[in-house]
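Trainee: Sequence:
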Amino acid sequence: MSEEKKHPHQPFPEEEDAAPAPPEQTGSYSMVSPRFREIYFEFYKETYRPSSIDRKTKELIAIAASLTAKCQGCIEGHIKKALKFGATREEIGEAIAIAIGVNAAAVVDLTDIAAENMDVKLF
Numbered sequence: 440m441s442e443e444k445k446h447p448h449q450p451f452p453e454e455e456d457a458a459p460a461p462p463e464q465t466g467s468y469s470m471v472s473p474r475f476r477e478i479y480f481e482f483y484k485e486t487y488r489p490s491s492i493d494r495k496t497k498e499l500i501a502i503a504a505s506l507t508a509k510c511q512g513c514i515e516g517h518i519k520k521a522l523k524f525g526a527t528r529e530e531i532g533e534a535i536a537i538a539i540g541v542n543a544a545a546v547v548d549l550t551d552i553a554a555e556n557m558d559v560k561l562f
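Numbered as in our numbering, the sequence shown ends at 562 without a single skipped number.
Keep in mind the hints are simulated off the structure, nothing from the lab. One or more hints might be untrue.
[Stated by the list, open to error] Computed Cβ-Cβ distance ranges for the label pairs, DEER-style:
hint	residue 1	residue 2	range
1	Ile492	Glu515	17 to 23 Å
2	Ala504	Val471	18 to 24 Å
3	Asp558	Glu481	44 to 50 Å
4	Ala544	Cys510	17 to 23 Å
[Said to hold, decoys possible] Straight-line Cα separation of at most 35 Å, DSBU-like style, residue types lysine-lysine; simulated pairs:
hint	residue 1	residue 2
5	Lys519	Lys497
6	Lys484	Lys495
7	Lys519	Lys509
8	Lys519	Lys484
Where is the CB? At the ideal position from N, CA and C, for every residue including glycine.
Produce the complete structure using the sequences and hints provided.
Mentor: If you want it as structure tokens, here you go:
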């Protein structure tokens with residue numbers, strides 16, 4: 440694909456109704472069949488509809504989840520949306536700190552399980 444035809448990889452850019460933008464606008468989802476893309480898009484839109492959790496909080500949760508999932512485009516998109524919905528730098532920083540804590544706990548958990556399975560204790 441020539442450079443002028445390439446789209447930046449952004450899995451979650453949204454239109455105003457919280458719907459993910461179509462693949463031809465994002466450069467993403469090119470390996471997902473249209474049927475499953477539509478199912479996924481409907482699910483995604485549903486998760487961002489008004490509910491008992493306000494949109495700012497949803498975006499803060501999405502930042503932490505994006506970090507633990509290691510999705511670069513998701514992280515960037517959800518930080519932009521969190522700011523759009525009124526999140527402060529401090530709130531975004533706390534969401535990031537929570538993701539750091541969860542990831543650190545996951546490393547401890549995995550190594551504890553490995554130690555138990557191998558009957559090994561290093562310290």
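Trainee: State for each hint whether it applies.
Mentor: Verification of the hints:
no. : hint                        : in the structure
1   : Ile492 - Glu515: 17 to 23 Å : holds, 22 Å
2   : Ala504 - Val471: 18 to 24 Å : holds, 20 Å
3   : Asp558 - Glu481: 44 to 50 Å : holds, 48 Å
4   : Ala544 - Cys510: 17 to 23 Å : holds, 20 Å
5   : Lys519 - Lys497             : holds, 13 Å
6   : Lys484 - Lys495             : holds, 15 Å
7   : Lys519 - Lys509             : holds, 17 Å
8   : Lys519 - Lys484             : holds, 17 Å
Checked against the numbered hints given earlier, the structure satisfies every one of them.
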